[in-house]
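A.B. asks: If you want the building blocks of each chain, they are given just below.
2 protein chains.
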Amino acid sequence: MQKQNKLFIAQSGGPTAVINSSLAGIIAAAQNSGVIAGIYGLFNGLEGALKEEIVDLTHLSRQEIQLLRHTPAAALGGSRYIMKEEDYRQAVRFLEKQGAGHFLFIGGNGTMGTCHKLKQVAEEMGVAMTVNGVPKTIDNDLVGLDHAPGYASAARYVALAVKAQGADLRSMRTFEQVRIIETMGRAVGWLAAASALAQEHPEDPPHLVYLPEVPLAINDFLEDVQKMYRRHGYVVAVVGEGMKDVNGHPIGCEQFQNEEGTRPVIVGASEHLSKLVKSRLGLVARSQNLGMTQRSFSECVSLFDEEFAYECGRAAFLASMEGKKGRMIWQDGDLPLKKVAGLVQTYPNYFYDMGKKQPTSAFHQWLSPLIGSMPSYFNIHLKD
Amino acid sequence: MQKQNKLFIAQSGGPTAVINSSLAGIIAAAQNSGVIAGIYGLFNGLEGALKEEIVDLTHLSRQEIQLLRHTPAAALGGSRYIMKEEDYRQAVRFLEKQGAGHFLFIGGNGTMGTCHKLKQVAEEMGVAMTVNGVPKTIDNDLVGLDHAPGYASAARYVALAVKAQGADLRSMRTFEQVRIIETMGRAVGWLAAASALAQEHPEDPPHLVYLPEVPLAINDFLEDVQKMYRRHGYVVAVVGEGMKDVNGHPIGCEQFQNEEGTRPVIVGASEHLSKLVKSRLGLVARSQNLGMTQRSFSECVSLFDEEFAYECGRAAFLASMEGKKGRMIWQDGDLPLKKVAGLVQTYPNYFYDMGKKQPTSAFHQWLSPLIGSMPSYFNIHLKD
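From first to last, the protein sequence lines are chains G and P. Just so it is clear: in the first sequence, position 327 is 355 by the working numbering, and no numbers are missing. Just so it is clear: in the second sequence, position 187 is 215 by the working numbering, and no numbers are missing.
Hint data in this document are derived by calculation from the structure and do not stem from the laboratory. It cannot be assumed that every hint is accurate.
Any copy, or any two copies together, can satisfy a pair, since identical chains are not distinguished.
Said to hold, decoys possible - DSSO-like mimics (lysine-lysine), calculated; alpha carbons at most 27 Å apart, straight line:
1) K79 - K255
2) K272 - K366
3) K125 - K367
4) K384 - K352
5) K112 - K255
6) K353 - K303
7) K272 - K303
8) K255 - K366
9) K384 - K272
10) K303 - K112
11) K79 - K272
12) K79 - K145
13) K255 - K367
14) K384 - K125
15) K353 - K112
Please build the complete structure, drawing on both the sequences and the hints.
C.D. replies: Printed below as a string of structure tokens:
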């Protein structure tokens, strides 16, 4: 075994339900390789290199790796610390001193930028360490790959939750008519769109799906809701959290005054829109933010996604062994980190029907195998 | 077959993930009995009798009954219409005209009151119709039975969601320290308490559990959070939505001024408390309301609960056949409707440790078999 043959791993960015699957895939592959002198985790992204907080993962048992695989959120901890130039050099020095021959960083587009910078600094310092990234995101906003690990599990939760809430509202429609459900995805509509997979029949909820990429004209929105209410007797509308109006102003940022003076209160797009439905259409409406459960709920992960995340970790380790450097690596492809870092893959026009305010059937066909089979509901209709 | 041997069924109150299991259990038992001339559903509780909106369920196939069993929320629709004296008489006349020999009403403590009244009016009018209730609730606030159908499934969702969110926050604790999670249960703490089943180890989240039955002194709360933060480096606290302060004032009802004048804005207990944690303790805190998903998410129901709900429906039908009247009937017991109607079973003192702000181990032992096995997480600790 070579001296510089230790593997270091870190995680960063927002948690997902399967980010630890990628970690487990890396550890298992490294253990199986027989050429790695030690496997170490940095705590809280690169902060772990600055604070010298590391943990030895070399001898995790098969059972521990299996449990890790099914544990949501970043087991090594995440970080929002903004690395300075000198921090990178300090991190590289620490990793070199520890005998790190390989470094793998699991994260989203921000993390890929940090990863790229680390690789550059290590090269400048003449430190021989392969640095690669492993993708993770719930938003599916990473460019270059069709779907990133983490997205399909969050998408599955969103589709299941919207389906359940659709049945919930349908059963209450004599006294409550409209529900505005808010998903994650500050800049991109992939998760909001996933809610459409709740539909078994064309009349099923969600009746309207709005994406952050498409500016929302409030009057059009109210007309849409009114129309759907007339058609179905109740309306489930889904919005991405980053919705903006036609002036580019975030929807759901209101001015309130209290004893401390005027201040903006961010009530969120769904709450703001449900208030408008109440005041302008006179319908009983409630908002529902699916919240952080949608990125962490490990009980209903997409099995495809969980395995994909694991295989991405494995592939990244194996590619590092083959000498790949400075790349984001997934199960069946890779890209230079600098072609990924900080870039955003928005939801494409061809997957959205602007007239119906619905993802297209092509989107359904694309997403369905990724999230796995959905439950069937039995609806009792008055007129059969 | 007798002329008056038709069975009518209605549902009311808030939806649950398994209320349709009880409906399925009734239908299957009635089909199997061979003595029922027809099985009908009233739409939207007793409103269906007033508006003459009924649906024939006599010939539902086995497959349809199976699908119904796993469809969340009230398939027949719920109602919040307050029945007047004359409405009851009109409903009884309609049911009599339809040939109803038996009426089963699935619902909570409010519905049991309506059910009792219907039975009285039918008797006064000399209409021979057995009227019985079938329990359902997510709150577990029905008196007389150890656990009501619906509770364990909502409890399982709460425990799973809090467990996932605990891992989520733990992985972010370098930049976010406190999460206040709000559960349903306006007057009772059964669901808030269920979150404690997320714990595998004593140090696991939720670190603090507050119940609506116990008035909350804000300063004590802040001290609790501070103490837990010092101990664990992050804090997950769970509150029931109906939390009150020591003066009996609902927590989370604030006064705001906007252009329309002063108005109370109900931000909810969790949002209010997370703001206090931010302003008074200087920690980064977020609130998270588990919302309506907790009562409707059918993907993770307690298998015990689902079967229990089905068997309650079956038992209620069979007891009606045996001539029982005016009772709330479940799988292994029954009570007169008037001993249940409108009453609330609060969370008992002996299940709560006031010092630790935690449900007791006796509560864990009681609830664990009801919600079924929970996932195991693998936590990586810095100091092992």
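A.B. asks: State for each hint whether it applies.
C.D. replies: We went through each hint and held it up to the structure:
1. K79 - K255: For K79 and K255, the Cα distance is within 27 Å only across copies (25 Å; inside one copy 58 Å).
2. K272 - K366: neither (29 Å within a copy, 53 Å between copies)
3. K125 - K367: neither (30 Å within a copy, 74 Å between copies)
4. K384 - K352: neither (46 Å within a copy, 53 Å between copies)
5. K112 - K255: neither (53 Å within a copy, 33 Å between copies)
6. K353 - K303: neither (52 Å within a copy, 45 Å between copies)
7. K272 - K303: both (16 Å within a copy, 25 Å between copies)
8. K255 - K366: Close neither inside one copy (47 Å) nor across copies (44 Å); limit 27 Å.
9. K384 - K272: within (19 Å within a copy, 45 Å between copies)
10. K303 - K112: neither (44 Å within a copy, 31 Å between copies)
11. K79 - K272: Neither. Shortest intra-copy (40 Å) and inter-copy (43 Å) distances fail the 27 Å Cα cut-off.
12. K79 - K145: within (19 Å within a copy, 69 Å between copies)
13. K255 - K367: neither (44 Å within a copy, 46 Å between copies)
14. K384 - K125: neither (59 Å within a copy, 45 Å between copies)
15. K353 - K112: within (22 Å within a copy, 76 Å between copies)
Hint violations for this structure: numbers 2, 3, 4, 5, 6, 8, 10, 11, 13, 14, all remaining hints satisfied.
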